[in-house]
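Student: Note that the protein sequences, when read in sequence, are chains A and B. If you read the first sequence in the working numbering, its first letter stands for residue 374, the second for the next number, and so on. If you read the second sequence in the working numbering, its first letter stands for residue 13, the second for the next number, and so on.
These aren't lab readings, by the way, just hints derived from the structure by calculation. Check the hints yourself; a few may be wrong.
Unchecked claim - Subject to a maximum C-alpha distance of 20 Å in a straight line, what follows is the list of computed SDA-like cross-link-like pairs (lysine to any residue): (1) B:415 / A:474; (2) B:318 / A:500; (3) A:517 / A:540; (4) B:318 / A:474.
Stated by the list, open to error - Take a look, some chain A residues computed to stay more than 10 Å from chain B by CB distance: (5) 376; (6) 425; (7) 428; (8) 464; (9) 525; (10) 540; (11) 558; (12) 686; (13) 704; (14) 757.
The structure displayed is predicted, hence computed values, not measured ones. For glycine and all other residues, C-beta sits at the position ideal for the given N, C-alpha and C.
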Amino acid sequence: MPDAGLTCLDFWCRGGSSFEDHGEEGLAHFLEHMVFKGSATLQAGEFDRRIEALGGSSNAATGFDDVHFHVLVPSSCAQNALDLLLDLVLNPALREDAYSMERDVVLEEIAQYRDQPDEQVFQTLLSHGFGKHPYGRPILGWEKSLLDSTPEAMRQFHNRRYRGPNCCLAISGAVTSNLIEQIHSSRLAELEASLDQGDENASASRSLAFLSGRQSIRFPRLEAARLLMAWPMAAANDQDSVMGADLATTLLAEGRRSRLVQRLREDLQIVESIDMDVTVMEQGSVVMLEACCPEDQIEQVEAVIEEELKRATVDAIGDDELHRAQQLVGNGLRFSLEAPGSVAAIAGSQSLWGRTQTLLSPLSHLQTWTVERLQQSLLPRLQNDQAFTLLALPEDSE
Amino acid sequence: MSATDLVLDPVQTPGVLAAKLWIGRGSAADPVGQRGAHQLLASVLTRGCGSLDAMQMADLVEGCGAGLRCDTNEDGLLISMKCRDLDSPQLLPLLSSMVHEPHLQADQVNLERELSLQALQRQREDPFHLAFDGWRHLAYGMGPYGHDPLGVAGELEQLNAASLRPIATSLSAEGAILALSGSIPAKLLDQLKADGIFPQSNSADPDPDAKDLSDQASLSAEQTVHLHSQSTEQVVLMLGQPTLPHGHPDDLALRLLQTHLGNGMSSLLFRRLREDHGVAYDVGVHHPARAKASPFILHASTAVDKALTTLDLLIMSWQELMEHTLEIADLNLARAKFCGQLAHASQTTGQRAERRAQLRGLGLPDNHDHRCMEALESLDGTALRLAASRHLANPLLSLCGPKSAIDSLADRWQQSLSQF
């Protein structure tokens with residue numbers, strides 16, 4: 374992106390919460406916090422101060438599968454930022470005093486999420502659908518496991534996961550040849566070249582079984598009812614199926630002309646909103662639907678959704694409907710390629726998991742999804758009896 | 013029909029165009045007894061205009077894979093379109109048609125009204141929203157910035173197509189600003205020219221006296237704290253004051269202070285509350301660009317047993333702005349971050365077009381941000397402290413959380429008021 378004034382350096386690691394062992398719940402995310410508390414050569418807060426003094430910014434995010442740390446700086450400062458970032462991420466100090474202070478911050482983060490009913494509903498859906506699999510527990514972890522954790526245990530997790538084959542650095546924006554040369558002699562070369570065998574065996578032994586079912590639960594401080602549904606979908610590596618699922622959810626619930634929005638919000642006027650999307654994950658993706666509605670409408674909403682999902686498998690889907698969905702999915706990707714930060718995130722996550730490809734290549738799968746193929750192999754998987762359905766109701770409105 | 017001012021910002025993109033149409037009539041202009049009217053009108057504009065009804069509009073926009081939305085804030089209404097450059101000649105005429113030929117059909121207005129009422133209800137789940145709502149009421153009362161742009165349920169319920177028509181007429185008569193950023197096809201420019209829409213240069217300085225119409229008159233003289241009791245684990249604290257319009261001579265000083273306090277992980281609040289005391293996860297400063305007295309609010313959420321410490325830290329941080337002169341190292345860091353933020357905020361065509369429309373809408377020159385960067389060096393620590401003394405001397409506190417906790421905090425606040 375030669376015209377970009379900024380450069381994004383995005384370090385990715387296969388070190389998300391799904392790689393935590395029993396007793397380590399929350400450690401991947403807590404480590405992400407601790408990384409910013411300094412390295413052997415950087416004092417706590419020094420990294421932030423130096424990056425921001427360059428006119429840059431930094432942040433990080435932990436997911437189920439991976440974690441990434443990114444800095445966005447004026448392109449002329451990228452070489453400086455590269456050294457700082459790699460030092461911080463690959464050699465975290467994990468000092469004892471900083472550890473207990475930062476753990477308090479993470480506990481506040483957990484408390485903040487608990488005060489958001491939306492988050493509670495969402496987490497309840499995942500925990501029912503994914504059961505004991507790590508995808509079913511909060512990325513932030515449990516208070517108890519965090520309180521029991523130690524800097525030493527965190528260092529072991531870091532040593533186990535932050536190894537060469539598990540890591541990837543993505544750079545986007547204005548990229549100079551000097552910067553590329555610098556990468557070859559950077560701390561990336563010091564990364565352990567082999568995987569931790571015990572860790573890999575443990576990861577491979579986890580199987581993802583999705584549990585369908587239906588539950589109705591009342592939540593405190595919820596002001597409107599929610600109907601949530603989740604379906605298991607292909608893993609990220611099966612990009613063809615993932616694109617098919619994206620197309621199907623767009624056809625069903627994106628925009629006023631989509632089937633569910635048109636029927637439930639426009640015609641029957643029984644929902645405030647209805648959304649459906651695909652969360653792409655490495656061990657198995659999930660399609661989620663969320664409808665917000667008054668509590669007294671929720672059963673009708675569920676019945677109409679069932680009817681529409683069935684209808685989508687048998688009634689004709691017009692060429693215009695398919696074209697509309699293809700356009701929306703295609704532009705969703707095209708529009709996300711403007712900023713160095715989002716380009717680095719897409720390129721980094723795809724490369725990390727072995728999908729080295731051009732940014733727009735996922736779109737090549739779109740044309741293979743004909744109406745017939747959608748109706749034969751994808752839409753039949755998005756039916757009520759295969760979902761986990763959660764009826765989330767306000768607590769005090771019985 | 014009024015004139016449309018056109019701002020062009022051609023940028024190389026992967027064939028993307030962002031268009032932002034800004035009209036300076038927002039929720040602050042809601043008529044008495046009709047709070048929520050401008051937001052409701054904005055939401056209905058996408059539901060039929062010119063020769064297209066709601067579904068035909070959706071067919072056109074969604075059929076091109078484009079995004080169209082209409083948002084309202086206190087100062088104005090913003091119609092946003094994002095599309096591929098090759099679709100823009102077909103899609104852009106919609107924007108003008110939405111403003112000048114809206115259908116405002118009764119059934120569509122009623123549907124949007126019900127959706128807005130449900131959204132208002134759902135917002136109450138968020139303790140941050142409740143705390144901000146309380147602060148807003150405390151600070152602006154019944155003034156133009158005193159209500160959520162979504163409206164007030166009791167008044168929104170009474171609105172219908174007939175009540176929106178005069179507002180739509182005023183909207184159509186108001187001058188609009190159309191900003192285009194990204195890949196701009198020549199055909200689109202020809203089309204706009206044929207409609208009498210040309211780029212106009214803008215380098216005039218605003219008249220600060222004309223814009224400095226804050227809502228001070230509507231402030232309550234005595235009450236300085238608002239309490240909202242909720243059975244949450246945490247307490248949300250918001251400490252702030254209505255301040256200045258964007259572009260006011262002291263605005264840059266306040267923006268530098270905002271940067272110093274709340275921007276990035278090197279900011280004072282982040283270091284003090286998170287790194288030194290571990291009392292909060294989410295801390296920051298809310299200070300949006302507004303045409304009138306913009307809120308300047310420090311916010312944090314924390315566990316009940318840490319709430320008093322958190323309040324003390326927020327009060328201390330606030331008072332320091334007026335009592336201490338910023339160290340040169342902190343000042344230089346704030347300057348660097350301020351410039352960095354401007355670059356960060358202009359990465360996408362949507363961000364660029366919106367900023368251009370916003371500056372024109374506020375009567376500021378197109379090069380306002382550049383001028384601010386040049387003026388940074390002339391602002392020293394003393395100038396910031398004096399600006400804080402002029403504009404931050406009367407803070408107001410809003411709290412949301414368990415009753416006993418917020419009552420204790422209110423007592424502490426009353427004790428500390430003598431320090432201001």
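Student: If a hint holds in the structure, say so; if it does not, say that too.
Tutor: Tested hints:
1. Distance hint between residue 415 (chain B) and residue 474 (chain A) is unfulfilled; the C-alpha atoms sit about 27 Å from each other, more than 20 Å.
2. Our distance criterion of 20 Å between C-alpha atoms is broken by residue 318 (chain B) and residue 500 (chain A), whose separation comes to about 30 Å.
3. Between residue 517 (chain A) and residue 540 (chain A), the direct Cα distance comes to roughly 29 Å. Violation of the 20 Å bound is thereby established for this hinted pair.
4. This hinted pair checks out: residue 318 (chain B) and residue 474 (chain A) have alpha carbons roughly 13 Å apart, not beyond 20 Å.
5. Annotated as non-interface, residue 376 (chain A) brings its C-beta within 10 Å of a C-beta of chain B; the closest such distance is 5 Å.
6. The non-interface label for residue 425 (chain A) is inconsistent with chain B: the shortest C-beta to C-beta separation is roughly 5 Å, within 10 Å.
7. Look at residue 428 (chain A): its CB is around 3 Å from the nearest CB on chain B, not clear of 10 Å, so calling it non-interface is violated.
8. At roughly 19 Å, the least C-beta separation between residue 464 (chain A) and chain B is larger than 10 Å, which holds for a residue marked as non-interface.
9. Distance to chain B confirms residue 525 (chain A) as a non-interface residue, since its nearest Cβ pair spans about 21 Å, more than 10 Å.
10. Listed as outside the interface, residue 540 (chain A) is consistent with that label: its C-beta sits roughly 23 Å from the nearest C-beta of chain B, beyond the 10 Å cut-off.
11. For residue 558 (chain A), the non-interface assignment is confirmed: its Cβ lies about 28 Å from the closest Cβ of chain B, beyond the 10 Å cut-off.
12. Consistency note on residue 686 (chain A): stated as away from chain B, and its beta-carbon is indeed over 10 Å from all of that chain's, at 22 Å minimum.
13. The beta carbon of residue 704 (chain A) sits about 4 Å from the closest Cβ of chain B, which is not more than 10 Å, so the claim that it is off the interface is violated.
14. Every CB of chain B is more than 10 Å from the CB of residue 757 (chain A) (nearest about 24 Å), matching its label as outside the interface.
Hint compliance for this structure: hints 1, 2, 3, 5, 6, 7 and 13 are not met, and every other hint is.
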